[in-house]
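Trainee: Spelled out, the chains give:
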Amino acid sequence: EAGVAQSPRYKIIEKRQSVAFWCNPISGHATLYWYQQILGQGPKLLIQFQNNGVVDDSQLPKDRFSAERLKGVDSTLKIQPAKLEDSAVYLCASSLEAEPQHFGDGTRLSIL
Amino acid sequence: SQKIEQNSEALNIQEGKTATLTCNYTNYSPAYLQWYRQDPGRGPVFLLLIRENEKEKRKERLKVTFDTTLKQSLFHITASQPADSATYLCALPLSGGYQKVTFGTGTKLQVIP
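Top line first, the protein sequences correspond to chains Y and A.
Mapping the first sequence onto this note's numbering, position 28 (from 1) lands on 28, and the numbers just tick up by one.
For this note's numbering, add 1000 to where a residue sits in the second sequence, where the first one is 1.
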């Protein structure tokens, strides 16, 4: 089966600019996650979707981060405006009910 | 507060030896624990899940133990190979759902030929 697809792989922007990441989960996976992974740390959950509804966004900095999952399939994560501390890898994962998560290879974001 | 601890120092081991990685947690009573592997520039890949009522789980050269009294999981790779070099992450469930997990910082394993 095809894995979780993410794009772009790399993105470099200046602070205060906006950026968007795209994720296509594994077909049939109802649950989709966005994680932030700062260098040397484990992934930190930002938001979890079940189909096209948000299950948990308690750790999403809502003043600058937003995410949506239209039609319960693809998802986008946006940062506006970006800060220097947002430099990280943004990982998308998907899963079936009560199954472990499958991760994409992430988008590496650098803020100048 | 809930905390997961993995040895942040890299573990260097000679090829053919058994590598043992540790995951300690506090203020948790997890129903299960997961181990993932992450290669540079890649996303984590799920390896094993062990439930609270299981003492040990094996998959090929991998073995995981789960001691709920010590609040510790050990992850063993027997007959280690250079291809096993990677960062290994443990993950425990967050409250509120089976599918949400929180990750440790990971331990980098280097297998030396």
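In case anyone wonders, no lab produced these hints; they're calculated from the structure.
Be careful, since some hints might not be right.
[What the hints assert, rightly or not] Here are the simulated DSS-like pairs of lysine-lysine, each with C-alpha atoms no more than 27 Å apart in a straight line:
(1) A:LYS1017 / A:LYS1100
(2) A:LYS1003 / A:LYS1100
(3) Y:LYS15 / Y:LYS83
(4) Y:LYS78 / A:LYS1057
(5) A:LYS1100 / Y:LYS44
(6) Y:LYS71 / Y:LYS44
(7) A:LYS1063 / Y:LYS71
(8) A:LYS1071 / A:LYS1100
(9) A:LYS1108 / A:LYS1063
(10) A:LYS1108 / A:LYS1003
(11) A:LYS1003 / Y:LYS62
(12) A:LYS1100 / A:LYS1059
(13) A:LYS1017 / Y:LYS44
(14) A:LYS1003 / Y:LYS44
(15) A:LYS1057 / A:LYS1100
(16) Y:LYS78 / Y:LYS15
(17) A:LYS1100 / Y:LYS62
(18) A:LYS1071 / A:LYS1003
(19) A:LYS1055 / A:LYS1017
(20) A:LYS1108 / A:LYS1017
(21) Y:LYS44 / A:LYS1108
(22) Y:LYS11 / A:LYS1003
(23) Y:LYS15 / A:LYS1003
(24) A:LYS1059 / A:LYS1108
(25) Y:LYS11 / Y:LYS83
(26) A:LYS1108 / A:LYS1055
(27) A:LYS1063 / A:LYS1100
Trainee: Next step is simple, just say for each hint if it's right about the structure.
Mentor: Now the hints, each set against the structure:
1. A:LYS1017 / A:LYS1100: 34 Å, violated
2. A:LYS1003 / A:LYS1100: Status holds; Cα separation ~15 Å.
3. Y:LYS15 / Y:LYS83: 5 Å, holds
4. Y:LYS78 / A:LYS1057: 40 Å, violated
5. A:LYS1100 / Y:LYS44: 11 Å, holds
6. Y:LYS71 / Y:LYS44: Distance of about 25 Å is within 27 Å: holds.
7. A:LYS1063 / Y:LYS71: 40 Å, violated
8. A:LYS1071 / A:LYS1100: Distance ~19 Å between LYS1071 of chain A and LYS1100 of chain A Cα, so the pair holds.
9. A:LYS1108 / A:LYS1063: 17 Å, holds
10. A:LYS1108 / A:LYS1003: Answer holds: LYS1108 of chain A to LYS1003 of chain A is near 19 Å, not above 27 Å.
11. A:LYS1003 / Y:LYS62: 24 Å, holds
12. A:LYS1100 / A:LYS1059: 23 Å, holds
13. A:LYS1017 / Y:LYS44: With a Cα-Cα distance of about 32 Å, the restraint between LYS1017 of chain A and LYS44 of chain Y is violated, given a limit of 27 Å.
14. A:LYS1003 / Y:LYS44: 13 Å, holds
15. A:LYS1057 / A:LYS1100: The given pair, whose Cα atoms are some 21 Å apart, holds under the 27 Å limit.
16. Y:LYS78 / Y:LYS15: Holds: LYS78 of chain Y and LYS15 of chain Y sit about 14 Å apart, inside 27 Å.
17. A:LYS1100 / Y:LYS62: 20 Å, holds
18. A:LYS1071 / A:LYS1003: Given pair LYS1071 of chain A, LYS1003 of chain A holds - Cα atoms ~11 Å apart, limit 27 Å.
19. A:LYS1055 / A:LYS1017: Distance of about 23 Å is within 27 Å: holds.
20. A:LYS1108 / A:LYS1017: 16 Å, holds
21. Y:LYS44 / A:LYS1108: With a Cα-Cα distance of about 18 Å, the restraint between LYS44 of chain Y and LYS1108 of chain A holds, given a limit of 27 Å.
22. Y:LYS11 / A:LYS1003: 32 Å, violated
23. Y:LYS15 / A:LYS1003: This hinted pair is violated, its Cα atoms lying about 32 Å apart.
24. A:LYS1059 / A:LYS1108: 20 Å, holds
25. Y:LYS11 / Y:LYS83: 14 Å, holds
26. A:LYS1108 / A:LYS1055: OK: LYS1108 of chain A and LYS1055 of chain A at ~25 Å, within 27 Å.
27. A:LYS1063 / A:LYS1100: 23 Å, holds
Taken one by one, the earlier hints fail for this structure at numbers 1, 4, 7, 13, 22 and 23, listed in ascending order.
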